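Can you build the whole structure from these sequences, using the hints too?
If you read the protein sequences in the order shown, they are chains B and D.
With our numbering, letter number 56 in the first sequence gets 56, and the count goes up by one each step, no holes.
With our numbering, letter number 209 in the second sequence gets 448, and the count goes up by one each step, no holes.
Be aware that one or more of the hints could be misleading.
Said to hold, decoys possible - Here are the computed lysine-lysine pairs in the DSS-like style, where the Cα-Cα straight-line distance is at most 27 Å:
1. B:K155 to B:K123
2. B:K179 to D:K312
3. D:K312 to B:K123
Stated by the list, open to error - Pulled from the structure, derived: some chain B residues nowhere near chain D, Cβ distances all over 10 Å:
4. P59
5. E82
6. P124
7. R126
8. A127
9. G132
10. A133
11. R134
12. R136
13. L140
14. N141
15. S143
16. V158
17. G177
18. S185
19. R203
Derived from the structure by calculation, the hints contain no laboratory data.
This one's a predicted model, so the numbers in the text were calculated from it and none came from an experiment.
Note that the Cβ used here is the ideal one computed from N, Cα and C, for glycine as well.
The residues making up each chain are set out below.
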Amino acid sequence: MNGVHDMGGMDGFGPVVREANEPVFHAGWEGRVYALASIAAGAGLINADEFRHAIERIPPARYLASSYYERWLAAVETLLVERRIVTREELLEKEDGAIDPALIANAVATQGPAPVKGRTGAKPPRARFAKGARVRARNLNPSGHTRLPRYVRGKAGVIARDQGVFVFPDTNAHHAGTKPQHCYSVAFDARELWGKSANSRERVYLDLWEDYLESIARNLKRQATKRKTTHRTGRRRKK
Amino acid sequence: MSGDHHNTDDTGPAARVKALEAILTEKGLIDPAAIDAIVDIYETRVGPRNGARVVAKAWTDPEYRKRLLANAKSAAAELGIAGPEGGHLVAVENTDRVHNLVVCTLCSCYPWPVLGLPPVWYKSFAYRSRAVSDPRGVLKDFGLELEREVEIRVWDSSAEMRYLVIPERPKGTEGMSEDELAAIVTRDSMVGVAKIAPPASPRRNAPRVRG
Chain B
1 MNGVHDMGGM DGFGPVVREA NEPVFHAGWE GRVYALASIA AGAGLINADE
51 FRHAIERIPP ARYLASSYYE RWLAAVETLL VERRIVTREE LLEKEDGAID
101 PALIANAVAT QGPAPVKGRT GAKPPRARFA KGARVRARNL NPSGHTRLPR
151 YVRGKAGVIA RDQGVFVFPD TNAHHAGTKP QHCYSVAFDA RELWGKSANS
201 RERVYLDLWE DYLESIARNL KRQATKRKTT HRTGRRRKK
Chain D
240 MSGDHHNTDD TGPAARVKAL EAILTEKGLI DPAAIDAIVD IYETRVGPRN
290 GARVVAKAWT DPEYRKRLLA NAKSAAAELG IAGPEGGHLV AVENTDRVHN
340 LVVCTLCSCY PWPVLGLPPV WYKSFAYRSR AVSDPRGVLK DFGLELEREV
390 EIRVWDSSAE MRYLVIPERP KGTEGMSEDE LAAIVTRDSM VGVAKIAPPA
440 SPRRNAPRVR G
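Pasting the structure below:
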């Protein structure tokens, strides 16, 4: 989804500010919600992809106004209610009304109760791209979860490394299958991403699943041949 | 402004977490003792000292450095370092020509087993938004200005790979032991937002437990 969480390349958030002598947790509840989520994930109650998606589904204004662990708490509540592990009534009763019901009402309850699946036992799929291959990140705008950031969509890069086979987050987050496939480290030049004014000595490496990528090798070759021909013709004319 | 504020009172999130914990305990789904244990692990045991040990060993043992660059997960495991978010650890090395910087623009993925849980600045919207589009500007926020010729590689950990930067070993540390070296490796240098300053004088103190 094209959510506010997809922040790469945005402006206006100001300088990065460091906190001196920062504690691991700033309040007791931060550690406890961190541990709660870890236990829920470890027990297979929630998977990492749906957890990330639950954070992304927090309405944008609320997302921006929440701290990191407040977003974790919202995601845990959303998922546990959606999975019918706890009910909204139970939460409200226990909190004496301290909770904002809108937070849980935001939960999209369209997903069926599918079991969390790990990797399939099937033969790992073959890699479509080799190291050094030129690829383009597809211009995909799914309404659900994706790990394809907006700032690389439609941009060209080079396969730097095959990272192996991974569960596909776009389907796994919605319990629509694990769709295991190769994930690649793809190198993008800063100028390709941000335009000519960007520094030519900067590069962004992103780990992208195969379904996010398309080959551009053939197109490039064609363009290169075309360019050569035009160039030669031009020179001849000058003579 | 950047969502970094912290709610420390006993209303709001604190009450909600308490309720959630009580309900899940009643249903027999969690054991509060397990929560205590996890909190304790991340407050006292898992932190950047782990990563510092890995870096110091890579600096002093060329064979280990090779193994670390080839497979950081197994190299960390050699030192007993493993855990959640460490399943696909990748080490990237800084040199005088290449500087690596790690970010997660979509959430705040971070190599927990070697660095602990991420600091607030790493999770801040300012860092997540600008690290990919203006890495030199972000480094300036940290007081680090790199030479123009240095190539910056920004690793946006959008999938399951978690990156650990091996910072450059500072000059003047030739005689230091692995433990002494581990004591000067900072968290920020292992994320790539800082370099390690050469020590003013050779350290003779025992390494800190964590930092």
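Outcome of the hint check:
{"no.": "1", "hint": "B:K155 to B:K123", "verdict": "violated (31 Å)"}
{"no.": "2", "hint": "B:K179 to D:K312", "verdict": "holds (24 Å)"}
{"no.": "3", "hint": "D:K312 to B:K123", "verdict": "holds (24 Å)"}
{"no.": "4", "hint": "P59", "verdict": "holds (14 Å)"}
{"no.": "5", "hint": "E82", "verdict": "holds (14 Å)"}
{"no.": "6", "hint": "P124", "verdict": "holds (15 Å)"}
{"no.": "7", "hint": "R126", "verdict": "holds (19 Å)"}
{"no.": "8", "hint": "A127", "verdict": "holds (15 Å)"}
{"no.": "9", "hint": "G132", "verdict": "holds (17 Å)"}
{"no.": "10", "hint": "A133", "verdict": "holds (18 Å)"}
{"no.": "11", "hint": "R134", "verdict": "holds (18 Å)"}
{"no.": "12", "hint": "R136", "verdict": "holds (16 Å)"}
{"no.": "13", "hint": "L140", "verdict": "holds (14 Å)"}
{"no.": "14", "hint": "N141", "verdict": "holds (15 Å)"}
{"no.": "15", "hint": "S143", "verdict": "holds (16 Å)"}
{"no.": "16", "hint": "V158", "verdict": "holds (13 Å)"}
{"no.": "17", "hint": "G177", "verdict": "holds (17 Å)"}
{"no.": "18", "hint": "S185", "verdict": "violated (7 Å)"}
{"no.": "19", "hint": "R203", "verdict": "violated (5 Å)"}
Hints 1, 18, 19 from the earlier list are contradicted by this structure; the remaining hints agree with it.
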